[in-house]
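*Asks:* The residues making up each chain are set out below.
Protein chains: 2
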Amino acid sequence: MLDHTDLKIIQELTHNSRMTMKELGDKVHLTGQAAATRVAKLEEQGVVEGYTVKVNKKKIGYAVHAFITVMTQSTSHHPYLNFVETQTKHVENHYKISGEGCYMLECRFVSHEQLDQFLVDLNRHANYKLSIVINHQSK
Amino acid sequence: MLDHTDLKIIQELTHNSRMTMKELGDKVHLTGQAAATRVAKLEEQGVVEGYTVKVNKKKIGYAVHAFITVMTQSTSHHPYLNFVETQTKHVENHYKISGEGCYMLECRFVSHEQLDQFLVDLNRHANYKLSIVINHQSK
DNA sequence: GTTTTTACTTGATTTATGAAAGGATAGAAT
DNA sequence: ATTCTATCCTTTCATAAATCAAGTAAAAAC
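Protein chains in written order, with UniProt numbering: chain B, 1 to 139; chain W, 1 to 139.
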C-alpha cells in the first residue's frame, strides 16, 4: 500500500510542506507530475490529512504551555466535555487516555493568571494534575 | 509588531500551509505579492518556523500513541537524556516539565511489544508513569 | 498470450512566483 | 502647511511551476 517512495515523500513534506512538487520530485527521483500524483493519492487515502505551519507560540503571545491530566469524579463526563468544548481558545489537544486520569489536555495561555482562571473553571467539573512545560524539543 | 492581518495569515496557513500566496492574499484582502512579503517577514522574525504535514500515524503503522511521565531518581539526568537521544525513532516530543515528574515524552510505537521494550530500556535510567492515548482531538 | 491496470514521462497550456518600479499613506522634521 | 522619509501596497513582466491530456512501458490479471 505504502512503498518506500511514499514514506520518503511524507518525510520530505514533514520537513517542508511548502516545497514545490518539482523539488519534491527531485528528492525522490520522480518528475514533479509523478510526485504530485503520489501526494494526491496519499491525500485521498487519508494518510496526509493536511498541511500546517509551525508557529513559535511565544512570539504570538502564548508564553504558557501546560499539560493537564484530568480526573473526572462524577459518573458522567458530559459536564467536563462540554466545558472543554467552550475552551477551544486554550485547548490545543484533547486526549482520552488510559493510565492515571481519564483525559489529558494540552493547553496554551498568555499568562499564569489566565491558566489560573482556566483551572478554577475546570475544577467545577473535574480534578486535575498540572504539568507546566519549561522546555521542549521535537524531533 | 504583529497586526490582525498577520494573525489571520497564520490562522489560514495553520489550516492549509500549501495554499498559494494568491489564495492567501484573497483570504486576507491583499495581493498575492503583498501576502508573500508578509509571510517572508514572519519567517525572518521566527514567528513562522516551518511548514509541515499532518500525517495519520495509524495509517503508516504507528498504532500506539503514548505519553510517558518520567521521574529520574538519580541526581544526574544525563544517562536518561542520553537514552532519549538514542530513541528519536519513537520520541516525537520531549518536554521538561514542572509538576509531577521531571520530563514528559510523547511517543509512537508500532505495537505494544515495542512500547514494552521501550519501557524496559527506559526503566534502566528512570521511573515512569504511562498514559496511552485512546482517542484524540485537536482543534 | 492478450488484455488490463498501474505508474510514470512528455509536451502544451494555464497559473503562480519573484523582481523591479511606482503610488498611496502616515508620521516626523522644518 | 510642506517636505521628507519610511512603510506598505499594487502593477507589470519575465520566469518557473502546476495542471491537463496523451502516450509509453512494465507488471498483473485472465
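FYI, nobody ran anything at the bench for these hints, they're computed from the structure. This one's a predicted model, so the numbers in the text were calculated from it and none came from an experiment. Even for Gly, the Cβ is constructed at its ideal location relative to N, Cα and C. One or more hints might be untrue.
To be verified - Facing chain W, from chain B, some residues (calculated, C-beta under 8 Å):
| id | residue |
| --- | --- |
| 1 | 17 |
| 2 | 50 |
| 3 | 67 |
| 4 | 93 |
| 5 | 99 |
| 6 | 108 |
What the hints assert, rightly or not - SDA-like, lysine to any residue: derived pairs with alpha carbons at most 25 Å apart:
| id | chain 1 | residue 1 | chain 2 | residue 2 |
| --- | --- | --- | --- | --- |
| 7 | B | 54 | W | 88 |
| 8 | B | 89 | W | 138 |
| 9 | B | 59 | W | 46 |
| 10 | W | 22 | B | 16 |
| 11 | W | 89 | B | 50 |
| 12 | B | 54 | W | 30 |
| 13 | W | 54 | B | 111 |
| 14 | B | 58 | W | 110 |
| 15 | W | 139 | B | 72 |
| 16 | W | 22 | B | 37 |
| 17 | W | 22 | B | 58 |
| 18 | W | 8 | B | 78 |
| 19 | W | 96 | B | 93 |
| 20 | W | 59 | B | 37 |
| 21 | B | 139 | W | 25 |
| 22 | B | 139 | W | 22 |
*Asks:* Taking the hints in turn, state whether each one holds.
*Replies:* Status of each hint after checking the structure:
1. 17: Holds, about 4 Å.
2. 50: Cβ of residue 50 of chain B sits 4 Å from chain W, so the hint holds.
3. 67: Hint holds; residue 67 of chain B Cβ to chain W Cβ min 6 Å, cut 8 Å.
4. 93: 5 Å, holds
5. 99: 4 Å, holds
6. 108: 10 Å, violated
7. B:54 / W:88: 19 Å, holds
8. B:89 / W:138: OK: residue 89 of chain B and residue 138 of chain W at ~12 Å, within 25 Å.
9. B:59 / W:46: Satisfied, since the Cα-Cα distance of roughly 8 Å is no more than 25 Å.
10. W:22 / B:16: Distance of about 19 Å is within 25 Å: holds.
11. W:89 / B:50: 22 Å, holds
12. B:54 / W:30: 23 Å, holds
13. W:54 / B:111: Between residue 54 of chain W and residue 111 of chain B the Cα gap is close to 28 Å, so the pair fails against 25 Å, i.e. violated.
14. B:58 / W:110: Violated, at roughly 33 Å.
15. W:139 / B:72: 22 Å, holds
16. W:22 / B:37: Satisfied, since the Cα-Cα distance of roughly 23 Å is no more than 25 Å.
17. W:22 / B:58: At roughly 28 Å apart (the allowed maximum being 25 Å), residue 58 of chain B and residue 22 of chain W break the hint.
18. W:8 / B:78: Violated, because 33 Å separates the two Cα atoms, which is more than 25 Å.
19. W:96 / B:93: Distance ~18 Å between residue 96 of chain W and residue 93 of chain B Cα, so the pair holds.
20. W:59 / B:37: OK: residue 59 of chain W and residue 37 of chain B at ~19 Å, within 25 Å.
21. B:139 / W:25: 32 Å, violated
22. B:139 / W:22: 32 Å, violated
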